[in-house]
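With the UniProt record's numbering, letter number 29 in the sequence shown gets 29, and the count goes up by one each step, no holes.
It should be emphasised that the hints constitute simulated quantities derived from the structure, not laboratory data. Please note: incorrect hints may appear among the correct ones.
Below 20 Å or equal to it, Euclidean Cα-Cα: the simulated SDA-like pairs (lysine to any residue) are [what the hints assert, rightly or not]: (1) Lys27 with Ser47; (2) Lys11 with Leu53; (3) Lys69 with Asp96; (4) Lys38 with Arg24; (5) Lys103 with Arg24; (6) Lys38 with Val25; (7) Lys68 with Lys38; (8) Lys63 with Arg24; (9) Lys69 with Leu53; (10) Lys27 with Lys38; (11) Lys63 with Leu53.
Between beta-carbon pairs, the in silico distance windows are [what the hints assert, rightly or not]: (12) Pro67 with Thr108: 54 to 64 Å; (13) Pro34 with Leu122: 41 to 51 Å; (14) Thr124 with Gly41: 32 to 42 Å; (15) Ala76 with Lys103: 35 to 45 Å.
Computed from a prediction, not measured in an experiment: that's the story for all the values here. For each residue, glycine too, the CB sits at the ideal point set by N, CA and C.
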Amino acid sequence: MRALEEKNIPKYLCRVVASYFINRVLKYNTEKGPKEYKITGGVPQGSVLGLLLWHIMYDGLLKVPLPKKVKLVAYADDVAVIIVAKHLDEINLAFDKAFERIKQWMKTVNLQLAIHNNKAVLITSRKKASRRARNDVATIYPISGSDD
């Protein structure tokens, strides 16, 4: 809701969006009969407002100052961290700084990063790339190009 207020969205629209998050219940069947689970966060996948709310929320992340070699690219409901550097050590250093700032931003908006849901792609023109990239944060998929 804070992201909506910071964008000066009219209060009546903020109330409409707030009502979207009130009294939400997941109903499901079990072997012992129907059950209910109170939902306290998130938006339903594929919901009409989901993508719009994601964009409003993550706009703040795209404004976080990052090291020179680092760019954030948002597409649909994903964010890619793009780092271009000549040496893997530079990539690791830039990533560490960027990741720390991203985690700080996420903490300020009460979000958590799903580490198991992240992937890293290392694209290189070298035949042998060191595998020392940060695999504690994401699964690494090295891709080697031609050696021109």
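Handout entry: Whether the CB-CB distance between alanine 76 and lysine 103 falls inside 35 to 45 Å
Key = violated (22 Å)
Exercise for the section: Would you check the hint for lysine 63 and arginine 24, treating anything up to 20 Å between C-alpha atoms as holding? Expected result: violated (31 Å)
Handout entry: Pairwise hint evaluation, arginine 24 against lysine 38, where the allowed Cα distance is 20 Å at most
Key = Since the Cα atoms of lysine 38 and arginine 24 sit roughly 6 Å apart, the hinted pair holds (cutoff 20 Å).
Exercise for the section: Starting from lysine 69, check that the Cα of aspartate 96 is at most 20 Å away, please. Expected result: holds (12 Å)
Problem - Agreement of lysine 11 and leucine 53 with the hint, judged by alpha carbon distance not exceeding 20 Å - result: Given pair lysine 11, leucine 53 holds - Cα atoms ~16 Å apart, limit 20 Å.
Handout entry: Proposed proximity, leucine 53 with lysine 69 (alpha carbon, max 20 Å)
Key = Violated: lysine 69 and leucine 53 sit about 29 Å apart, past 20 Å.
Practice task
Would you mind confirming whether the straight-line C-alpha gap from lysine 27 to serine 47 stays at or under 20 Å?
Solution key: holds (17 Å)
Handout entry: Straight-line alpha-carbon gap lysine 68 to lysine 38, limit 20 Å
Key = It is violated: about 43 Å lies between the C-alpha atoms, which goes past 20 Å.
Practice task
Given the hint that lysine 38 pairs with valine 25, test it: the Cα-Cα distance must not exceed 20 Å.
Solution key: holds (5 Å)
Practice task
Take the C-alpha atoms of lysine 27 and lysine 38, compute the straight-line distance between them, and say whether it is at most 20 Å.
Solution key: holds (9 Å)
Handout entry: C-beta pair proline 34, leucine 122: status relative to the range 41 to 51 Å that was hinted
Key = Holds - the Cβ-Cβ distance for proline 34 and leucine 122, about 48 Å, lies within 41 to 51 Å.
Handout entry: Consistency of beta-carbon spacing, glycine 41 to threonine 124, with hint 32 to 42 Å
Key = At roughly 39 Å between Cβ atoms, glycine 41 and threonine 124 fall inside 32 to 42 Å, so the hint holds.
Hint violations for this structure: numbers 5, 7, 8, 9, 12 and 15, all remaining hints satisfied.
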